[in-house]
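Protein chains in written order, with the working numbering: chain P, 1 to 215; chain Z, 1 to 287.
Since the hints were derived computationally from the structure, they do not count as laboratory data.
Note that the structure is predicted; figures quoted are calculated from it, not measured.
We put the CB at the ideal spot given by N, CA and C, even for glycine.
Heads up, some of the hints might be wrong.
Claimed, not checked - Heads up, simulated DSSO-like pairs for lysine-lysine below, C-alpha to C-alpha not over 27 Å straight-line:
(1) Z:Lys62 <-> P:Lys126
(2) P:Lys169 <-> P:Lys106
(3) P:Lys113 <-> P:Lys169
(4) Z:Lys69 <-> Z:Lys58
(5) Z:Lys133 <-> P:Lys126
(6) P:Lys34 <-> P:Lys175
(7) Z:Lys58 <-> P:Lys126
(8) P:Lys175 <-> P:Lys126
(9) P:Lys106 <-> P:Lys175
(10) P:Lys34 <-> P:Lys113
(11) P:Lys34 <-> P:Lys126
(12) P:Lys126 <-> Z:Lys69
As the list claims (entries may be wrong) - Taking CB as the label site, the calculated pair distances span:
(13) Z:Ala175 <-> P:Asp37: 51 to 59 Å
(14) P:Glu55 <-> Z:Asp212: 27 to 35 Å
(15) P:Asn199 <-> Z:Thr195: 42 to 50 Å
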Amino acid sequence: MIFSALRNRSTPLYQFCLVLMLSLVLATAAQAQKPVDPTAAPNDFVQTVGNNALEVLRQEPAAQQGDLNRINQLVDKYVLPYVNLEKTTRLAAGRYWRQASAQQQKNLVEAFKGTLIRTYSGALSKVDEVSALQILPFRGDANADDVVVRSSISQRNGPAVGVDYRLEKTPQGWKIYDLNVEGIWLIQNYRNQFAQQINQNGIDGLIDALNRQNR
Amino acid sequence: MDNNTTRTETSARLSRVAPIVALTAFVAGCAHVPNPSPQDPWESYNRSMYQFNDAFDKALFKPIATGYKQLTPEPARTCIHNIFANMADLWSSVNSFLQGRGHDGVNMLGRVLFNSTMGLGGCIDVASMNGSKRIVNDFGVTLGVWGFEPGPYVVLPFLGSSTVRDGAGIGAMFAAGASSYTPVMAIDNIPLRNTILAVAAVDLRASLLDADDLVDRIALDRYSFIRDAYLQRRNALVKGNQVDPDNPYGTLPDYSDDDDLPDYSDDDEAPADQAAPPASGTAPATQ
Numbered sequence: 001m002i003f004s005a006l007r008n009r010s011t012p013l014y015q016f017c018l019v020l021m022l023s024l025v026l027a028t029a030a031q032a033q034k035p036v037d038p039t040a041a042p043n044d045f046v047q048t049v050g051n052n053a054l055e056v057l058r059q060e061p062a063a064q065q066g067d068l069n070r071i072n073q074l075v076d077k078y079v080l081p082y083v084n085l086e087k088t089t090r091l092a093a094g095r096y097w098r099q100a101s102a103q104q105q106k107n108l109v110e111a112f113k114g115t116l117i118r119t120y121s122g123a124l125s126k127v128d129e130v131s132a133l134q135i136l137p138f139r140g141d142a143n144a145d146d147v148v149v150r151s152s153i154s155q156r157n158g159p160a161v162g163v164d165y166r167l168e169k170t171p172q173g174w175k176i177y178d179l180n181v182e183g184i185w186l187i188q189n190y191r192n193q194f195a196q197q198i199n200q201n202g203i204d205g206l207i208d209a210l211n212r213q214n215r
Numbered sequence: 001m002d003n004n005t006t007r008t009e010t011s012a013r014l015s016r017v018a019p020i021v022a023l024t025a026f027v028a029g030c031a032h033v034p035n036p037s038p039q040d041p042w043e044s045y046n047r048s049m050y051q052f053n054d055a056f057d058k059a060l061f062k063p064i065a066t067g068y069k070q071l072t073p074e075p076a077r078t079c080i081h082n083i084f085a086n087m088a089d090l091w092s093s094v095n096s097f098l099q100g101r102g103h104d105g106v107n108m109l110g111r112v113l114f115n116s117t118m119g120l121g122g123c124i125d126v127a128s129m130n131g132s133k134r135i136v137n138d139f140g141v142t143l144g145v146w147g148f149e150p151g152p153y154v155v156l157p158f159l160g161s162s163t164v165r166d167g168a169g170i171g172a173m174f175a176a177g178a179s180s181y182t183p184v185m186a187i188d189n190i191p192l193r194n195t196i197l198a199v200a201a202v203d204l205r206a207s208l209l210d211a212d213d214l215v216d217r218i219a220l221d222r223y224s225f226i227r228d229a230y231l232q233r234r235n236a237l238v239k240g241n242q243v244d245p246d247n248p249y250g251t252l253p254d255y256s257d258d259d260d261l262p263d264y265s266d267d268d269e270a271p272a273d274q275a276a277p278p279a280s281g282t283a284p285a286t287q
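Only chain P is shown next, with the shape it has when bound in the complex (with noise of 0.2 Å):
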C-alpha cells in the first residue's frame, strides 16, 4: 500500500516524504556549520567559531596534509571576521599608535592582518592531533564588557593546550582582540618588536618589515 503510493509521485505521501528527505539532509548540513551569535554568550560564542574552523579544516584534505597556504585562507574565511585587527594592531603598536597617520594605520593593520592570520593558523595547523575544543568555566563578571574566555584544546597524542581568548564588547557583538597559548599573550609578545623596529625605522620601517614577512 505505502509502496505503491511512493512509486506514484503525484500523492501527497510521497511529497511528504521528500520533503522529510531534504530537510534531513539540510539538517545534517547545517551540523557542519552553525551560524554564529556575536550577540550570544562570549563562551557560546568562542565554542561555534572554534568549531566551525575546527570542522572546516578537518573537511579539507589540503589543510589535513598541512597545507598552510589553504589553512590561512580557512582561517581567513572562519576566523578573522570574529577577531577585531584594529584592536590588536593598536594595542601591540601602544604609545606609537597616536603618533601614526590615519593612513599609516591602516597600512599597519593590514600589514599586520598577515601575522595574526599565521598565528591562528599556527594554532590550528594540527587539526588532524586535535580531537576536541573544550570551553573551560566562565571566571569574572559575565557583564563586563572586556572578558577571557578560557578554552583547553585537548589533543590525540599529548596534553591538552591551554589557549585563552581576550574579547571585548561592540555594538556589533564579540570580537576577539587578544589570544594566550600556554601562558604567552599574543600582544604583549609584539609590542617589544614593534617599539624595536619603529625605534629603528620608523612607522613605515615597521609596515615594511611586516609586509617582507607577509611574502
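Since the structure of chain P is provided, determine the placement of chain Z on it from the hints.
Same frame as chain P, now just chain Z:
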C-alpha cells in the same frame, strides 16, 4: 669519607661548567641594542650568545633532530617523547609539593603512576586521554613561588633562554644531582646512560621543530620574540593556575600606555586601562 666523595663529585661537576664560563666571557662582545628592555639589561651579551647558540643549533642539533623526525616512525617518536615527559612529570610533581601546591602535586603524581603502569612505562599518555592536565614545573618556578624575583633575562650557552633565577635553579639542581633525569643518572652502565641522555636531547630538540618553524613565520625579530615569550611563560607558571576570586584575571597584561605623556584619547573606544579589571595593577608592567 662520604662527605669527601660528595665534595669531589660536586667540584667535578662544577669544573665541567668552567669551559662554559670561559665561552661566556669570550662571546660577551658588543652588539647594538636598538630598543633596551628593562627586563633585559644584558641584551648586548645575550644577543651574541643567542647568535652563537643559533649557529650551533643550525649546524648540529637541528639537522640531527630533523633527521630523527624523518627516520623514526611517528608512533615510536611519540612513545619516546611520552616516556621522557613522564619522567619530567614526576619532577614537576616534586616541585608542586615544594611550592606548597599539594593538590597539583597529588594530581601530577597520580598522572605519573597511571602513565607508568597503564601507559606501559609512560609510552602512552593515557592520563591525558582521560582528561588529566599536565602542570609543568621545575625548580626555577619553585624559587619564583618562594618569592625570588626572576632578575635579568640571560641566554645560557647551549641551553638558551633563562633568567638569573631560573639559571640559579638549573645550577643548584645540577650541583645537587636532582632533576627530571635523576632516574637516568642512577643507571650504572655508562654507555647506556649516555645513550639515553642523547636520545632525550634529540627528542627535546625534535619536539621544538614545529614551534621553531612557527616562530620563523610570525616573528619580526626572533630574539625579542623568544625572549618575551619565555618571560611571559615563566611568569604564568609562577602565578600558576590558582584563581584569586577578587581578581579572576590576575595575570592579564595591561596594555595601557605607561609613559608620562598626557593621554589625548580622541579614540571613540575606551582606553584599555579602563576596560581592564580593577586589580590589574598587579599585572606585570608593560615594557
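Cross-check of the supplied hints:
no.	hint	verdict
1	Z:Lys62 <-> P:Lys126	holds, 21 Å
2	P:Lys169 <-> P:Lys106	holds, 22 Å
3	P:Lys113 <-> P:Lys169	holds, 21 Å
4	Z:Lys69 <-> Z:Lys58	holds, 15 Å
5	Z:Lys133 <-> P:Lys126	holds, 19 Å
6	P:Lys34 <-> P:Lys175	holds, 17 Å
7	Z:Lys58 <-> P:Lys126	holds, 24 Å
8	P:Lys175 <-> P:Lys126	holds, 24 Å
9	P:Lys106 <-> P:Lys175	holds, 19 Å
10	P:Lys34 <-> P:Lys113	holds, 25 Å
11	P:Lys34 <-> P:Lys126	holds, 22 Å
12	P:Lys126 <-> Z:Lys69	holds, 16 Å
13	Z:Ala175 <-> P:Asp37: 51 to 59 Å	holds, 58 Å
14	P:Glu55 <-> Z:Asp212: 27 to 35 Å	holds, 29 Å
15	P:Asn199 <-> Z:Thr195: 42 to 50 Å	holds, 49 Å
In terms of the numbered hints stated before, the structure departs from none.
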